[in-house]
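Asks: Protein chains in written order, with the working numbering: chain A, 1 to 369; chain B, 1 to 369; chain C, 1 to 369; chain D, 1 to 369.
Honestly, the hints are just simulated from the structure, not real lab data.
It is possible that part of the hints are untrue.
Listing some non-contacts, in silico: residues in chain C with all C-beta distances to chain B over 10 angstroms [claimed, not checked]:
1. Ile-4
2. Asp-15
3. Ile-49
4. Thr-54
5. Gly-70
6. Trp-148
7. Asp-165
8. Asp-168
9. Thr-214
10. Arg-283
11. Tyr-284
Derived contacts from chain D toward chain C, CB cut-off under 7 angstroms, selection only [unchecked claim]:
12. Cys-29
13. Gly-35
14. Phe-67
15. Asn-189
16. Pro-212
17. Glu-272
18. Asn-276
19. Ile-302
20. Thr-305
21. Arg-306
22. Ser-355
All C-beta atoms in this analysis are idealised placements derived from N, C-alpha and C, irrespective of residue type, glycine included.
One letter stands for each residue in the lines below.
There are 4 protein chains.
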Amino acid sequence: MINIKRIGVLTGGGDCSGLNAVIRAVVKCAISRYGIECLGVLDSFDGLIEGPSTIPLTWHNTKGLLFQGGTILGSTNKGDPFKYKTLDGDKIVEKNLSEVVMANIEKLELDGLIIIGGDGTMAIANNFWQKKKLKLVGVPKTIDNDIWGTEETFGFHTAVEIATDAIDRLQTTATSHHRVMILETMGRNAGWIALYAGLASGADVILIPEIPFTIDAIVAKIEQRRTEGRRSTIICVAEGAAPKEGKQIIWKTVRDSAEPVRLGGIAQWLCEQLENRVDSECRYTVLGHIQRGGIPTGYDRILCTRFGTAAVHAFVNREFGKMVALRENEIKTIPIEEIAGKSRLVDPDSETIRSARDTGVSFGSVAKN
Amino acid sequence: MINIKRIGVLTGGGDCSGLNAVIRAVVKCAISRYGIECLGVLDSFDGLIEGPSTIPLTWHNTKGLLFQGGTILGSTNKGDPFKYKTLDGDKIVEKNLSEVVMANIEKLELDGLIIIGGDGTMAIANNFWQKKKLKLVGVPKTIDNDIWGTEETFGFHTAVEIATDAIDRLQTTATSHHRVMILETMGRNAGWIALYAGLASGADVILIPEIPFTIDAIVAKIEQRRTEGRRSTIICVAEGAAPKEGKQIIWKTVRDSAEPVRLGGIAQWLCEQLENRVDSECRYTVLGHIQRGGIPTGYDRILCTRFGTAAVHAFVNREFGKMVALRENEIKTIPIEEIAGKSRLVDPDSETIRSARDTGVSFGSVAKN
Amino acid sequence: MINIKRIGVLTGGGDCSGLNAVIRAVVKCAISRYGIECLGVLDSFDGLIEGPSTIPLTWHNTKGLLFQGGTILGSTNKGDPFKYKTLDGDKIVEKNLSEVVMANIEKLELDGLIIIGGDGTMAIANNFWQKKKLKLVGVPKTIDNDIWGTEETFGFHTAVEIATDAIDRLQTTATSHHRVMILETMGRNAGWIALYAGLASGADVILIPEIPFTIDAIVAKIEQRRTEGRRSTIICVAEGAAPKEGKQIIWKTVRDSAEPVRLGGIAQWLCEQLENRVDSECRYTVLGHIQRGGIPTGYDRILCTRFGTAAVHAFVNREFGKMVALRENEIKTIPIEEIAGKSRLVDPDSETIRSARDTGVSFGSVAKN
Amino acid sequence: MINIKRIGVLTGGGDCSGLNAVIRAVVKCAISRYGIECLGVLDSFDGLIEGPSTIPLTWHNTKGLLFQGGTILGSTNKGDPFKYKTLDGDKIVEKNLSEVVMANIEKLELDGLIIIGGDGTMAIANNFWQKKKLKLVGVPKTIDNDIWGTEETFGFHTAVEIATDAIDRLQTTATSHHRVMILETMGRNAGWIALYAGLASGADVILIPEIPFTIDAIVAKIEQRRTEGRRSTIICVAEGAAPKEGKQIIWKTVRDSAEPVRLGGIAQWLCEQLENRVDSECRYTVLGHIQRGGIPTGYDRILCTRFGTAAVHAFVNREFGKMVALRENEIKTIPIEEIAGKSRLVDPDSETIRSARDTGVSFGSVAKN
C-alpha cells in the first residue's frame, strides 16, 4: 500500500520541446494509477522560494499538453537555492535558501518532487537528495542530448528535425547560387544535433565540438567538390565547435565580449574565414531558439510519455535520488549522483561518424578526410 | 585487398519512405570508400529476369535521394523468381526462373547483390543464398516495423509522424463536434504504427492485432469519458486489429469478397458497430498509402544512411547471406535465415503498452482497461 | 457613440480550420477597440435553445486560439431553430423554436450575434434577420470555398495544403510501383480543393463536379502517359465529381444504401472501373476529415483575423443582416440574403482551368483533353 | 499561325521558392500547347555572355520541379550585361556586353526569352526590350512581395509560412521563460513578410520599414503586457525596419562596416536596446536564407503554374516587353517599363494594418499604439 498523497512537479533550465508532454504523463499516471494529487511548482525552484507559487495539475488543465511546446509551469535557468543570488543593498550576494525550499515543501504538504531538468537542475536535485533527504525523482531534459546515463533525451529529436528541415531549405539556395551555406545549430559541448541534422540533410561538412577542425580541411573539401563539378557546399556547425587552435581564436577575432554567444558566433567567424579563402559566396544562418520550442515530434511525445509515467512509478517505488533514463530501449532508473559532472559526447570513432564519412561527409579534420 | 568490382542493388516489396536514401548511402560508400561500381536493378527481381534491365548508379544520379520518397529503381511485390507466375496459354503457371537470374547476374558481371526489402524479399534472398550461393547482403525494409531481428526499420518513423499528424488534425474536429473519430493505420500483423501514433497523439483507444478487442470495452471507454465531461473520443486502429471473436466476423459482416482490404476494413466496421451503440456521431478515415511515401523524417534518413553503408561493409567483409540490423543502437549483421518466418510483434506487457495504459489509453480489452 | 455592451458569438456547421482564429479576432477587437463584452454560445444555435448554454469570451481564454484547429464553442450542423427536430413520443417532429432563441438572447442581454458558419448557417441567420429582426453579422466559413459572394473563405487554404501534401506523398509510391493512385478530397458541389491541390501537386487527372468526366477519357490519358514512358498516373478527385452518365450510376454500382458517403465513394468506384480497363495496379485514399482540422496555415490565420475584426466593425456600424466577404483583396460586407441558395462554383473556362490544361492536366472530358 | 520555334528561359536574382515550378509550367505549356522548344540559359544573363551555356528543357528534365526549391538553371544577382563587371588588369571595369548577349541569342536560334526575376532583372529586361528590341516576356519574382504592378509574387507565401512556423516555435519558449523574443525576417524596403508572419503567428509587436518605430513605444507595449499579467512578448521585425531617428543610428551603434547585413542587424540592435530598458531576458533569431529555399507551398506552386503558362501565351501573342502580373485574382500583362523604379510597399493605413492594430498588435509607433 502506498502512502503518497501529493507530489510537486517542476521544470528547470532552458526550454525544450516536450516538457509539457512529460508533465501531462506524470499527472495522468499519478492520478489514474495511484490516486496521487499533483501540484505544479512555478518557475523552477523559484516557486518554492518566494511564495510558494504553485498551480494544481489536473486531468483538465493538462489536456492538450502533448502537442504544446514549452512548459506551463514556467522555467528558469538561474536560481540554485543552495547559492541563491539576492540583492544585499547594492551588491549581489549568494545565500543558501535550501531550508526555505524544504519548509515550503512541508507547508504545501508535498510528499516529494518530480524534477524535470538538465545537467544543472539535476545537480541541484542531487544536493537536495544528498543533503536534505528530499524525496525526489529526476527526468532528464536537454535538446543537446548530452546528459550522461541516458541514451536519449526528449526534445532532441524535435530539434534534429527542425534543423534538418532548415538545411533542406538551404540546400536548394546553395545549389542555385553555387554558394557555401552554413547553418549553426545548438550544442556547446556535444555535437549531437549538428551531427544528426547534418547527416540527415546531406551536409557536406559537419563540425562538432568533439572533433577540432581546420579551415584548411574545409577549404580542401570545398575545392574537391568544385573539381567534381559541384559548386555548392553545405556546412552544419554546432555552436561549440572550434578550430584546432582553440576557441580563444574565434572569440578574440570576432570580439572581446564576456558573453560570446550574443554578438556573433562560430558560423559568422567561419563565414568570414571561408570568404577569404574560396571563390564562392558564403552565407550563414544561426538557427537559435527555433530549435527549442514548438510542437514536439511524435517520437519525442512518446519518449516524454514513457519518461513521465516511469518517474511516477519510480517515486511510488521509493527510488528517490534517481533519474529515469533510456537504456537499450527500456526505461530504467539510475542514481542522479552517477551522472553529476559527466557529459555524453559524440565518440569520434563511432559507427555513426564512420557512416557519415563513408558517404563523403568531412568533419574538417585533415587526417581522415 | 578486396576483389569486388561491381555490385547490383535492388529494392523489393511495397513502397517505404527512405528506400532512395539507402540506395544513395550504398552508392556513396561503395564508390568513395572502396571504388566499387554499383548497378541498379529495376523493378526488384523482375529486372534480372526479363532484360536484364538496369541503370548505372553514380554519385550524380543519386544526388538529392536523401529527401526523395520512393525508389528510383522501381519495385514490385509480385515476382518470386523461384516460383515466377507466367502465362502458359490461358493459364497462370509458376516457373522456377532462378537460373535466369543467376545467368543475368553473371552476364552483368555483378559480384553480388545488395537487396533492400521486407519479409518476402528477404525470404527470396535467403533462397538465393542457400540454394544458389548468390553473394548477397540484405537491408530490412518495412513501415510496419515487424521484421524480426532488427529493433527498427526505416520508413517506420516517417509513417508514425504522418499518422500522428493526421490524428492531431482529427482531434480538433472530434472535440468541436463531440464525435468519435477513428483513424486506421497500416499494420496487418503488427500494431507498431497504431501504437506509436496513437500514443504520440493522445488517442483514447488504440487497437492492435496483438491485443484482441471487444466492442463492449470500447463502448465502456467512450461512456466513461462522457461521465467525465469529455464528449469526444479518438480511436487509432491498425488495419489488422480484430475483435476477440476473430477476423471472420468483420469481413463477413462487411462483405463476402475475396479481397478484404479493398471494399472496407476494420475502421469502417468499427464505425458501424459504434454508431449503433453510442450516442455520438462516428467518423473514420483510412490513412492508406499516404503513410508509405514522401520525404522521410531526418530520423529515418540517418537510419537509412547507417544501414546502407553497413551493407556495403558487410559485403566487402564477405558476410554473405546476412542482413544488417539495428541492435541496441548499433548496426550489426545477422543471418537472413534466422529471421525467416518470424515477426517482431508488440508485446502486450511491454513497458510502452503499460505506459500507454498509465496515461489512460484503452486497448479495448476489458480486463486491464 | 456606440451603445453596444455585449455580443454573442456562435459557430455553426462542419469543422473548419480557423474557426478559433476568427473567435479570437472578434473578441480581441470587440474588447480592445470598443470595450464590448463577448459571450460564446455553445454548440451553434443549440446553445440558445436549451440552457441557454454559454461561456464568457475573454482575452485570457482566447489566447493561443490562432493556431488551434476546431472551435472552442463547439458546433453542430443539425439544429435549425425554425424547424427544430424534437421527439414527440416516438416520432421526430419539427418545431419552430425561434422565439425561444430570441427570448434567450434577451435573457442573456445580448445586443446581437456574430455568426460564423457556412451556407446552411447563413440561411438560418438570414431568417433571424428577416423575420425576427435579430441584429447579426455573418462570417462565411467553408473549406469547400463555395460560398457565393466572397472570393475566399478561411479553412480552404489549409485544406488545400493538406491535400497537396498527401498527393506529394502518393506521387513517390505511384512512381516506384508504376501505379494509378487516386486521392479523394472533399467538395460535394464545388471542386475547388481538388482543383487547387491537384494543380499544386502535379496530378495528371483532376475530376471535379463542375466538369463531368468519362472513364474513356481517363483511360486515354493513362495510356497516353504509358506511350510517353510514364507508367504512373495520379488522379485527384472531388467527392462530388461524377461521370457524364450521372451520379446514379456510381451509387447504384457500388451499393444501394441510403447513405452514399459512408460505404464507398467516387474514389473507390473509379478505382474499380480503372482496374478493369488499364494494365496497372490502382489504389485510392479518401482523405476525409483530416482536411478539416488541425493548425491553420498562416494564410488562413490572417484571413480569419481580418474577417473577425471586420465583423465587429460591421456590427458597430450597424450593418446588420450582412456578411463580411473578401472582394478584390479587401474585406467588404454584403447582405446575407444575396447569397442565399447560390454557390460559387469552378468556372470550367477559367484561367486556372486553362492553365492546368496547358501543363497537361486532363479533366476527364474527352473534347478538350 | 505562330512562327515561334525556340524560346530561352532564364532565372535572375536571389533565390526564391517556386522558380523551378515556373520553369516547369513554361516548358510544359510551350511544348504541349504550341510545340515550342525551350532552352534553359544557365546562371542568368551570364549564360548568354560566356559560352553560351545552356541546357535543353524537356518534359523529362522538368519532372518533379513543382516541389523542388531553387532553380535548375542557376542564378546570380550580379551581372547586368549593359554594365558587366570584368577585370581589366587589376581593375574592375564595367563593359556593355549587351551585343554579346544578342549575338548569342541569334547563334542559339532563340526567338526570344522568358525572363524570371525581380526588380533588378526586370530593369535589365526592359533595357533589352527598349534598346535592343529583344523579344521577351517577364515573370515577377521576389519573396519580399514588393514588385510594383502585381498583387502578389510567388515565393512570398512560402516565406510567410516558414516565418510563421518559426514564430510559433518561439512563442512557446517566450511564454515558458517570460522572455522578449525577436524574429528578424527578410524585407529591406517592404515589410510584407514581417507583417503577414507577425499577424499569422500572433506577434505582439511588428516592425516594418514603412512605419518608423521608437524604442519607447516598444517598451511601453512590453510594460503594458506585464501589467496585464503577460510576461512574454514576441517581436517580428523586417530587416529593413528602422527607428524614427533613421537607419544611420542602428549601423553606427553596431559597427562601422561597409556591409551592414553581414555583421549584425536590426534584430541584434533591438535586442541590445531592449535589454537595457526592460526587466526581461531578450533573445533574437535571424531567419535568413531559410525563407528563400525549399519546397514551395501549394499556394505558390499554383501561382507559379499560372504565371508560367501565362508567360508562354503572352509570348505567343507577341506581348513583348511585358510582364505577367496578378490583378484581382486574374493573370494580366503589363509593360515592364511601367514598373521600373517603383516598389509595392505596405500602406500604413491599409485594412490589414488596421486589423492587426484591432487585435492588439503594436507597430512601435506611439501615436496609434
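Asks: Please go over all the hints and tell whether each is borne out by the structure.
Replies: Verification of the supplied hints:
no.: 1; hint: Ile-4; result: 28 angstroms, holds
no.: 2; hint: Asp-15; result: 4 angstroms, violated
no.: 3; hint: Ile-49; result: 16 angstroms, holds
no.: 4; hint: Thr-54; result: 16 angstroms, holds
no.: 5; hint: Gly-70; result: 3 angstroms, violated
no.: 6; hint: Trp-148; result: 25 angstroms, holds
no.: 7; hint: Asp-165; result: 8 angstroms, violated
no.: 8; hint: Asp-168; result: 6 angstroms, violated
no.: 9; hint: Thr-214; result: 23 angstroms, holds
no.: 10; hint: Arg-283; result: 6 angstroms, violated
no.: 11; hint: Tyr-284; result: 8 angstroms, violated
no.: 12; hint: Cys-29; result: 4 angstroms, holds
no.: 13; hint: Gly-35; result: 13 angstroms, violated
no.: 14; hint: Phe-67; result: 6 angstroms, holds
no.: 15; hint: Asn-189; result: 21 angstroms, violated
no.: 16; hint: Pro-212; result: 23 angstroms, violated
no.: 17; hint: Glu-272; result: 29 angstroms, violated
no.: 18; hint: Asn-276; result: 29 angstroms, violated
no.: 19; hint: Ile-302; result: 5 angstroms, holds
no.: 20; hint: Thr-305; result: 6 angstroms, holds
no.: 21; hint: Arg-306; result: 5 angstroms, holds
no.: 22; hint: Ser-355; result: 4 angstroms, holds
The structure is inconsistent with the numbered hints 2, 5, 7, 8, 10, 11, 13, 15, 16, 17, 18, although it conforms to all the rest.
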